[in-house]
Amino acid sequence: METNIAGGILALVARFLSGASVRWIDCHPDPCQRVYFANHTSHLDAVVLWSALPPDVRALTRPVAAKDYWMGGPIRRYLSREVFNALLIDRTEIKVHESPVDLMIREIGHRYSLIVFPEGGRSLGPDIGEFKSGLYYLSKKRPDLELIPVHIDNMNRILPRGEVLPVPMLTCVTFGPPMWLERKEPKVKFLARAREAVIRLKES
Amino acid sequence: MDVLTLGLFGGVLVMLGIATAVVRYLKRRTDLGLDPAIIETFRLRVWAWWLLFAPLAGALLAGPMLSILLFLMISFWALREFITLTPTRPADHRALFWVFFICTPLQYVFLMLAGREWFERPLNITAYDIYSIFIPVYAFLLIPARIAFSGDSKRFLERTAKIQAGLLICVYCLSYAPALLTLELPPEETPAIQPAIGTDEGEVAEVPPAYEEESVSEMIQIENLAEAAQAEINLPHQAVGRKRRLLFFFVLIVQLADACQYLWSQIPSRHPIVPSISPARTWEGLLGSAATVTLIGAALSGVTPFAHWWQAAFASFVVSLTAFGGGLTMSAIKRDRGVKDYGTLIEGHGGVLDRIDSLCFSAPVFFHLTYFFVNWG
Numbered sequence: 000m001e002t003n004i005a006g007g008i009l010a011l012v013a014r015f016l017s018g019a020s021v022r023w024i025d026c027h028p029d030p031c032q033r034v035y036f037a038n039h040t041s042h043l044d045a046v047v048l049w050s051a052l053p054p055d056v057r058a059l060t061r062p063v064a065a066k067d068y069w070m071g072g073p074i075r076r077y078l079s080r081e082v083f084n085a086l087l088i089d090r091t092e093i094k095v096h097e098s099p100v101d102l103m104i105r106e107i108g109h110r111y112s113l114i115v116f117p118e119g120g121r122s123l124g125p126d127i128g129e130f131k132s133g134l135y136y137l138s139k140k141r142p143d144l145e146l147i148p149v150h151i152d153n154m155n156r157i158l159p160r161g162e163v164l165p166v167p168m169l170t171c172v173t174f175g176p177p178m179w180l181e182r183k184e185p186k187v188k189f190l191a192r193a194r195e196a197v198i199r200l201k202e203s
Numbered sequence: 000m001d002v003l004t005l006g007l008f009g010g011v012l013v014m015l016g017i018a019t020a021v022v023r024y025l026k027r028r029t030d031l032g033l034d035p036a037i038i039e040t041f042r043l044r045v046w047a048w049w050l051l052f053a054p055l056a057g058a059l060l061a062g063p064m065l066s067i068l069l070f071l072m073i074s075f076w077a078l079r080e081f082i083t084l085t086p087t088r089p090a091d092h093r094a095l096f097w098v099f100f101i102c103t104p105l106q107y108v109f110l111m112l113a114g115r116e117w118f119e120r121p122l123n124i125t126a127y128d129i130y131s132i133f134i135p136v137y138a139f140l141l142i143p144a145r146i147a148f149s150g151d152s153k154r155f156l157e158r159t160a161k162i163q164a165g166l167l168i169c170v171y172c173l174s175y176a177p178a179l180l181t182l183e184l185p186p187e188e189t190p191a192i193q194p195a196i197g198t199d200e201g202e203v204a205e206v207p208p209a210y211e212e213e214s215v216s217e218m219i220q221i222e223n224l225a226e227a228a229q230a231e232i233n234l235p236h237q238a239v240g241r242k243r244r245l246l247f248f249f250v251l252i253v254q255l256a257d258a259c260q261y262l263w264s265q266i267p268s269r270h271p272i273v274p275s276i277s278p279a280r281t282w283e284g285l286l287g288s289a290a291t292v293t294l295i296g297a298a299l300s301g302v303t304p305f306a307h308w309w310q311a312a313f314a315s316f317v318v319s320l321t322a323f324g325g326g327l328t329m330s331a332i333k334r335d336r337g338v339k340d341y342g343t344l345i346e347g348h349g350g351v352l353d354r355i356d357s358l359c360f361s362a363p364v365f366f367h368l369t370y371f372f373v374n375w376g
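Chains as they are written, first to last, in numbering that gives the first Met the number 0: chain A, 0 to 203; chain B, 0 to 376.
Be aware that one or more of the hints could be misleading.
With the Cβ distance kept under 10 Å, some of the chain B side facing chain A (calculated, not the full set) [as the list claims (entries may be wrong)]:
(1) Phe75
(2) Trp76
(3) Ile82
(4) Leu84
(5) Pro89
(6) Arg93
(7) Leu95
(8) Phe96
(9) Phe100
(10) Gly350
What the simulated footprint calls covered on chain A by chain B, stretch by stretch (three residues with Cβ under 8 Å from a Cβ of chain B suffice, anywhere in the stretch; the number is not a length) [stated by the list, open to error]:
(11) 147-159
(12) 165-175
No lab work stands behind these hints: they were computed from the structure.
Keep in mind it's a predicted model, so treat the numbers as computed, not measured.
The beta carbon of each residue, even a glycine, is placed where N, CA and C say it ideally should be.
Go ahead and model the full structure; you've got the sequences and the hints to work with.
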């Protein structure tokens, strides 16, 4: 309950500060298991995308985020653990027995959806970088998950890389039509197709 | 709340209520053969007016501080729409932070300091001396200096000018609207009380110095009465009432000028003024709206602090021209940026900036015109 209220307030604040207009193109909010994959330019991307979802979907959606950032400081720790229910990935300590993809699959079970940023790190400019292979392995192991491309516009201007203070510009979060990994689709082709889907939303 | 304020605010809200009812009726009557697109445009307009006038009336009744805060929020939102559509570079980030979180609130804080003895007396200045130059001089200099400090010289002058223009239009110019609440108005001349004071004072003057003691006390009583009458005229709440009517009148005239321009542009013979920028703005619209608004301004002159009806009419006429200039300028900026509307806050109806562009351009002119008229003679 308490986390629901905190989440609601935080979502409202995020919506107001980012002035986000949310568009759903050939896609509808649905609490079914999904993987939202988006371009990544700012630490606030996950928060903005998460707050753009309707409350019932939001409660079932967990952002995948970097452990070193979201564990730094009590506020970030509280938010990531209690409010976003974030799935934190350790970027520094690579475990041999469990890859991040295995961890994601174990953590979401048959209930939660995920928010991922397949570019890996934050890109510097407005251009979308090449996708890392995590998205491919994730859908190979769980081909039933709906993959939703998401484009977050303008976040690189709100909080550019290396800046601490955000500037309240207006963002636009666009959700696109679901896609899946085709049978026997090669990794490179699939990743290029996924990246194309995000770029297409940027241009629409 | 006095009768005039109630009449003005209530009148506008009743008109909006009627407009809403008409929209509902037209939406249900599909057999009239009206273009649904026009009805939809009308519906969104009425909705936008509600969003503007209802909070404005509420804030004005709640007090000048809340009204200034309301305009601060409008400025802030308009500025973010402006900057969002303006290409900036990462090096502008810190300058933009200053613009949004320091310059914008400070301008309105200075406005709030207007008329505060503890602030104005020791410094021997008025708040106007500060808020009228803070952005055009100090923020103007701060922005290029901060951008230069970031070390990115690409298209330097262009980036600087765009941020400066946004701050000037969305914050500085708009802040002149709530500044109407801080204008010093001369004491109101209420015809019902004025002659009474005249005779009182006359009597006092006529009383010969060597009079009986009884009469002297009577005289003092009369003098006290005259003072009380004078004090009633200068009662602060009366002045507040006149100022908020003035601000409401101004916003109403600007919105009417916009609406009339649209309505008069619908008549069959059309002569676009600047087709390359805004084909919808015609000479018919401009002249029709100027005439209509001047008449409405003259009719409403009773609620304004202007001494003569023609002053209200003239101010309304000027506002119809500045409102046109504002809309046209913003159309030019939008056309250059290749967008139709500034934001999506009011669904399908552009953003805040689309609705207040005429307000931004009219506010400083109306402010100075009012200042000139009320201090005239």
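Hints and how they fare:
Taking 10 Å as the C-beta contact cut-off toward chain A, the hint placing Phe75 (chain B) at the interface holds, the least distance being around 8 Å. Against a cut-off of 10 Å between C-beta atoms, the interface hint on Trp76 (chain B) holds, since the closest Cβ of chain A lies about 8 Å away. The closest approach between the C-beta of Ile82 (chain B) and any C-beta of chain A is roughly 6 Å, which is under the 10 Å cut-off, so the hint is satisfied. For Leu84 (chain B), the interface hint holds, since its Cβ comes within 10 Å of a Cβ in chain A; the closest pair sits about 9 Å apart.
Using the Cβ-Cβ criterion of 10 Å, the hint placing Pro89 (chain B) at the interface with chain A is satisfied: the shortest such distance is roughly 5 Å. For Arg93 (chain B), the shortest C-beta to C-beta distance to chain A is roughly 8 Å, which falls under 10 Å, so the interface hint holds. A cut of 10 Å between beta carbons decides the hint on Leu95 (chain B): the least distance to chain A is about 5 Å, and the hint holds. Given the 10 Å rule on beta carbons, the hint for Phe96 (chain B) holds: about 5 Å separates it from the nearest Cβ of chain A.
Restraint check, Phe100 (chain B) versus chain A: the minimum CB separation of about 8 Å is within 10 Å; hint holds. A distance limit of 10 Å between C-beta atoms decides the matter here; for Gly350 (chain B) the minimum to chain A is near 8 Å, and the interface restraint holds. Counting residues of the segment 147-159 of chain A whose beta carbon lies closer than 8 Å to any beta carbon of chain B gives 4, which reaches the threshold of three, so the coverage claim holds. Three residues within the 8 Å Cβ limit are the bar, and the segment 165-175 of chain A against chain B gives 4, so the coverage statement holds.
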